[in-house]
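Undergrad: So you can see what is in the structure, the chains are spelled out below.
2 protein chains.
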Amino acid sequence: MEKTSIKHILSQGKISEDYEINAWVKSFRNNMFLAMNDGSCLNNLQCVLPTEKYNEEFIKTINIGCALNIQGTLKESQGKGQRVEVDIKTIKILGKADSEEVRKTILSPKKHSLEKLREQAHLRVRTNTFGAVMRLRSKLSFAVHQYFQTESFQYVTTPIITNSDAEGAGETFRVTNFDLKAIPKTDKNEVNFKQDFFGKPANLTVSGQLEAETYALGLGKVYTFGPTFRAENSNTTRHLSEFWMIEPEVAFCNLEGNMDLAEDFIKYVIDYVLEHCKEDLEFLEQRLIKEESTLPKQQRSEMSLIEKLEFVTSNNFKRVSYTEAIEILKRCKPNKKKKFNFIIEEWGADLQSEHERFLVEKHFKCPVILYDYPANIKAFYMRLNEDNKTVRAMDVLFPGIGEIVGGSQREERLEVLVDKMKTLKRDEKELWWYIDTRRFGTCEHSGFGLGFERLVQFVTGMSNIRDVIPYPRTPKNLDF
Amino acid sequence: MEKTSIKHILSQGKISEDYEINAWVKSFRNNMFLAMNDGSCLNNLQCVLPTEKYNEEFIKTINIGCALNIQGTLKESQGKGQRVEVDIKTIKILGKADSEEVRKTILSPKKHSLEKLREQAHLRVRTNTFGAVMRLRSKLSFAVHQYFQTESFQYVTTPIITNSDAEGAGETFRVTNFDLKAIPKTDKNEVNFKQDFFGKPANLTVSGQLEAETYALGLGKVYTFGPTFRAENSNTTRHLSEFWMIEPEVAFCNLEGNMDLAEDFIKYVIDYVLEHCKEDLEFLEQRLIKEESTLPKQQRSEMSLIEKLEFVTSNNFKRVSYTEAIEILKRCKPNKKKKFNFIIEEWGADLQSEHERFLVEKHFKCPVILYDYPANIKAFYMRLNEDNKTVRAMDVLFPGIGEIVGGSQREERLEVLVDKMKTLKRDEKELWWYIDTRRFGTCEHSGFGLGFERLVQFVTGMSNIRDVIPYPRTPKNLDF
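As you go down the protein sequences, you meet chains V and Z in turn.
In terms of this note's numbering, the first sequence is residues 1 to 480.
In terms of this note's numbering, the second sequence is residues 1 to 480.
Don't read these hints as lab results, they were simulated from the structure.
Just so you know, even glycine gets a beta-carbon here, dropped at the ideal spot from N, CA and C.
Treat the hints with caution; some may be incorrect.
Stretch-level coverage of chain Z by chain V, calculated; a stretch enters the list once three of its residues show a Cβ under 8 Å from a Cβ in chain V [to be verified]:
| no. | stretch |
| --- | --- |
| 1 | 99-111 |
| 2 | 140-152 |
| 3 | 161-169 |
| 4 | 175-181 |
| 5 | 206-217 |
Make the full structure from the sequences, and use the hints.
TA: Here it is, written out as structure tokens:
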């Protein structure tokens, strides 16, 4: 008999037909009712054991966590909670799970904290919550590729090990093949990088943008989707040392086109999971309601998870210039009453997360695209506006998570770019190839970066970013 | 007017309609015929300049490499070589390209060696060859996701920074946040990793398999597709220090199922590009014929590129046990005549690339799956056969490139796994979480790793692996 997935049986199984499944025991009631799950979907398949046919010894070996092979006949269920169930004809224990040992793990049938689940990240995907989160993460990834491929973008893998720091923030991890106990030195007592694997200092990428730009200027429309790294010592619920980023880059595209792309893209991928992951989303929606039920009413979300997603896909993102945003912030209550940690006093201030959240959650009550930021708080590659003081930057801000997208129109003018690099003390020699692209058929072009885990957070309603990636990396945390 | 891609105009453009394009000049004949390309496809769009309407000064600024905006009317072409062309109504220079400077680059219209192109990797995607290779690479990537998602696999991103070495080969890059000039030491003069970013030694992953296994044992069927790293000092046409790997992992699946999956998967993705990338493949086929025309006849490929791809998708891969392969090799001519560098004398020998190529290219003349290798030449996690001397390993060998897939059924039995780790001196404490999965509902499961760049090499016919990834990383090479 061919094995069938539980997802298939629950959605398309035929009554009176025989099926064979391989799956794990999620619960075992009354020595009779087995709830089986194989990871293909959230819901379990109830399998009914004819207890009289098996001796006590055998039944005792069936525990939560066991892997079983079951053959049986599908029938309509008498009990509540499921439409169909399987009458077991044969049952085989493939892999045991000692009940005493299970009790010590998060597989045991009681409520475990998310912190506890993180400590057993190798098992947490077997829980309902993490099964749902990771299936959603997978579907969202696919939606990303599907969107860009349908829109004729070429997927580009930019290098992970580089010797440049795209953002210039200096928060890169060093990559080396040296024995750290005995670093080779030069005559001048400097590190002798010539002897290292790559013959020069190497680090992990913070962004594939600069390389993606070189490809957009040949292929027209490209996107990356790969891991990026920040050696930043921040222990927050929004930061990871290793995270996945999506970076489209488009030739012959200005900032307006870039905003259109970001909005269209985000709406597409959210629509995609609304269509393909209803069951998992409904489960996570209930989870969030339970989680928030312990909070005071005013701290709970106004919308349910699915309402929030549908709100995003069916409303325009509000586009606001930085200058307008500063005016709003200067005049707003929390600023006047000094409730903000950072009081906005004048144009030029860098916006903090508290200001972004105020704009999105209190003032506009919808996703917001801020654009045209002061040049001196943004990166060297952003296009200078005619006012000579703002750049064509944009950030997309989302309720609950703040900045989800950061992008810009790129400075395509050779002289302006080189001037800017001089001002910001960026090494022109290191980035000769980047500058070179402005010599040969330069053109206006734009792109953005979207932190994939922030998107997964938004879609799943998980409040800690460590709970939307299989094995999170954060300061002092490299488990698994 | 809305801008249209050249791909769209060439495939679906309507005669007498007006179009607007943004693209780069590939050639400019007789001050009149512009071959324009925007990266959307291989072929150029011919645009005809009414020379009489423009002064010499202006025409002189139009060079190869320039970015232009052109509006004009589509008409049937009088000339040879193209079906349609555009009568230019307006033309705007968006980005210049100085002809003297172009002459110094690979954009200049003459034959450049692949080595030369590598030195200007930021520009090479603008050539026909690299445009075709990178479009194929993009489509192949998408086919990978499409295959697994259609087959209900969940995409899993396994960590890039780890503190384990899955293969145990010790060829990992170190990741650190230390200032290499001043490494903190302990009292015992050891490196004080507690003070490093993660609080312990960290390295770049060589494989996501072990983490993928933990996910397969919850979600059932998973796959990874991400970068992996080898700090191996090999300067060959088949090795990169940073490459992308695809690693499916399937619960309740034995080695036969694993072989079926590998074969089905490879055939699917090749079929996909045969269907979607005909034009680029035909171009690369011609390129290969030209490249091989300088070789003596017996060194040229017997099949053309597309014939070779179709051969793979329409024939069964030959499945041969390691033991059978050794018998064939012991008896074969090059072994008897000592033409091999490594003479096969007895069972247990590790196969070299020369042996694999003999089996694939001379003996079987088709893709080969070798399986059931001696345990002592394979990794600790492979399932021991009943003979106690072979393991359920498999390698898929391809003509021209050798090993493209390496996989195995995994050792699911707790005691056998732990014994094996002891024998091979693998640290049980480090891999506690991996071993743990064998305690809770273990089951037979299998998976494999496919080096993505080797697949791209096979599909594009490019002989050097550095030419199928945008910015290759190899020993002493970290440019761009």
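Undergrad: If a hint holds in the structure, say so; if it does not, say that too.
TA: Outcome of the hint check:
{"no.": "1", "hint": "99-111", "verdict": "holds (count 4)"}
{"no.": "2", "hint": "140-152", "verdict": "holds (count 5)"}
{"no.": "3", "hint": "161-169", "verdict": "holds (count 3)"}
{"no.": "4", "hint": "175-181", "verdict": "holds (count 6)"}
{"no.": "5", "hint": "206-217", "verdict": "holds (count 4)"}
Hint check: no violations occur; every hint is consistent with the structure.
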